[in-house]
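Given the coordinates of chain A, assemble chain B onto it according to the supplied hints.
Number of protein chains: 2
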Amino acid sequence: MRIGSSIAFSQPRSIYSFASVVGQKEGEGPMKQYFDRIEKDPTFGEKNWEKAESRLQSETLALALQKGRLQQIDIDCIVAGDLINQCTGSSFAVRDTKIPYLGVYGACSTMAESLLVAGILTDGGYSSKSAAVTSSHFSTAERQFRFPLSYGGQRTPTAQWTCTASGAAVVSAEGGAPFLVGGCIGKIADLGVTDTSNMGAAMAPAAADTIMRYLQDTQTKPEDYDAIVTGDLGNVGSPLLLDLLLKQGINIRTQHQDCGSLMFDEQTQDTHAGGSGCGCSASILCGYYLPKLQNNEIHRILFAATGALLSAMSPQQGESIPGICHLAELRSQEGLTC
Amino acid sequence: MRIGSSIAFSQPRSIYSFASVVGQKEGEGPMKQYFDRIEKDPTFGEKNWEKAESRLQSETLALALQKGRLQQIDIDCIVAGDLINQCTGSSFAVRDTKIPYLGVYGACSTMAESLLVAGILTDGGYSSKSAAVTSSHFSTAERQFRFPLSYGGQRTPTAQWTCTASGAAVVSAEGGAPFLVGGCIGKIADLGVTDTSNMGAAMAPAAADTIMRYLQDTQTKPEDYDAIVTGDLGNVGSPLLLDLLLKQGINIRTQHQDCGSLMFDEQTQDTHAGGSGCGCSASILCGYYLPKLQNNEIHRILFAATGALLSAMSPQQGESIPGICHLAELRSQEGLTC
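Just so you know, the sequences run in chain order A and B. Sequential numbering of the first sequence, starting at 1, is according to the working numbering. Sequential numbering of the second sequence, starting at 1, is according to the working numbering.
The shape of chain A in the complex, shown without the other chains (with noise of 0.2 Å):
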């Protein structure tokens, strides 16, 4: 049902199984204990580096299977996205699983979408169990949107580091914790932003908006989350994102948590501002809270994924960035008496 803009389900939707896979310089970060699975092959065994893509997706799906001891014919829809042209990093990973398939782009907020899509399907009884999934890599990243890797070229201090990471979650309409209860679709805003070497202050405004109509339409306070955690705004986003809020009257100090921010050790791995790209929020929900709930150590959190809805050529005609932000509610067992 809706409730004010946002939705909540008629019932707690398990997140059934869940996994995640990140690359090597992922695994190097203090997030390295909680992945399922670190690769040191850049290539996962591939020709280049958007076949890699592809498959570190399709592989991640077929854990996150693994551990539910599902088989692909258990699974009505995969809800999938990625920030490769055309969303070719999901098209070629879901290729040869004759699942069902709904594209999505919602640049690095893909992850909270596919949820909430996956979600809808299965509350709304159109799937019993329905896959969100998304990935990024650093060297697809790279050569699309900025540079050649061999060409070295300098980022700034703003600048976010493109993940090798992808996450995928299994949502049911009948399973165990941790659950998925409701969420809020994003508005974009675009306040004219226009360096793409900072797009955290790009996405910041909407994931301050998108935060706010949620508490408002829930009558929730920060303090009713253990964590209110967005993805990926950084070093320089995050701070952004807290003086919105607070200019509202708002106050997530205490709750709020970044993925960008938690992936890497900006002292010691060189990626300045933080984190970032569709697998880095979904590696680290996968990962790490989605456990946490499950185990009853967090009960309640808001995953606020955010996105930068530019292309390579967009800033180039003068164009501004256009940032969204798409939130999930997740709660433990635990959590559902909240």
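By construction, these hints were calculated from the structure, which means they are not laboratory data. Backbone N, C-alpha and C define an ideal beta-carbon position, used for all residues, glycine too. Check before you lean on any hint, since a few could be wrong.
[What the hints assert, rightly or not] Using C-beta positions, here's what the derived DEER-type ranges look like:
1) B:145 with A:295: 45 to 51 Å
2) B:191 with A:67: 29 to 35 Å
3) B:315 with A:43: 17 to 23 Å
4) B:145 with A:45: 27 to 33 Å
5) A:10 with B:40: 47 to 53 Å
6) A:239 with B:176: 36 to 42 Å
7) B:10 with A:41: 36 to 42 Å
8) A:223 with B:315: 52 to 58 Å
9) A:98 with B:46: 38 to 44 Å
[What the hints assert, rightly or not] Selected chain B positions facing chain A (in silico; Cβ < 10 Å):
10) 110
11) 188
12) 318
13) 334
What follows is chain B alone, placed relative to chain A:
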């Protein structure tokens, strides 16, 4: 609810309002009398082709709202997508609306995908009205997927012509005919076609799979429909679809129509195998079929939009072309008793 691998809505959902806008060449073809607006300026008053496509899409949505006497605030969600890298055609079209936005990617199948998602949001009670929108533009597609226009490249006989066109439809929980009653989410089919100038052949197997699954799941026969509409197999892909279905004992020759073949006069418009692009089937659905359903001239159709999920780069990397086909069933007021 699910029926097999298809979807049946709990109630018929009104296509409350709809609009179609096309460019000059499309407005000179056999369908010219059916479109709401034919715009002779291919730039739509903008400085570049990408902005032109966004303007086309935003004006089509605005026209659909205007025809339904709707305000932006009446729309709970826009579900939109297009062919431009990172779907910026849609992002920039939606940016100024402040309406929640789900970006989708299904290549030229996008109108069926967005209709299905808008229908699911509405039938499931997550929105009271959601809009499905898509667009394509000859000049954005040519320079992104093929050659600079000024290069004057020769097109092969099997090539299709990307339409400058857009369609928008508002799916509503309440309202009159035409009605969206259900549909089928496509699976990727890839039989190894690698010729990017022959998309019809690449997409025909996906169309056959989706149509066959829907007929089976709903226990219906081709004769139950006034039209089984594909978009856009064109003049090369259409006979392949008929053959593929005939081999399965299904004859849709009488009912089959294809938006790509309908859009242009092959003899006089030099468009070779027909029209293509997200906007081709979207504008013909919203300009030609939906009014006929509204006026009880036809009663029951399948709208099976097809997409080729390649990028400009994937064929260069040796990949074949994955096809997909999403399907929506539409009915007139009288058709509800079928």
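Hint check results:
1. B:145 with A:295: 45 to 51 Å: holds, 48 Å
2. B:191 with A:67: 29 to 35 Å: holds, 32 Å
3. B:315 with A:43: 17 to 23 Å: holds, 20 Å
4. B:145 with A:45: 27 to 33 Å: holds, 29 Å
5. A:10 with B:40: 47 to 53 Å: holds, 50 Å
6. A:239 with B:176: 36 to 42 Å: About 51 Å separates the Cβ atoms of residue 239 of chain A and residue 176 of chain B, which means 36 to 42 Å is violated.
7. B:10 with A:41: 36 to 42 Å: violated, 48 Å
8. A:223 with B:315: 52 to 58 Å: holds, 53 Å
9. A:98 with B:46: 38 to 44 Å: Between residue 98 of chain A and residue 46 of chain B, where Cβ atoms are some 42 Å apart, the hint holds.
10. 110: This interface hint holds because 9 Å falls under the 10 Å limit.
11. 188: holds, 5 Å
12. 318: holds, 8 Å
13. 334: violated, 27 Å
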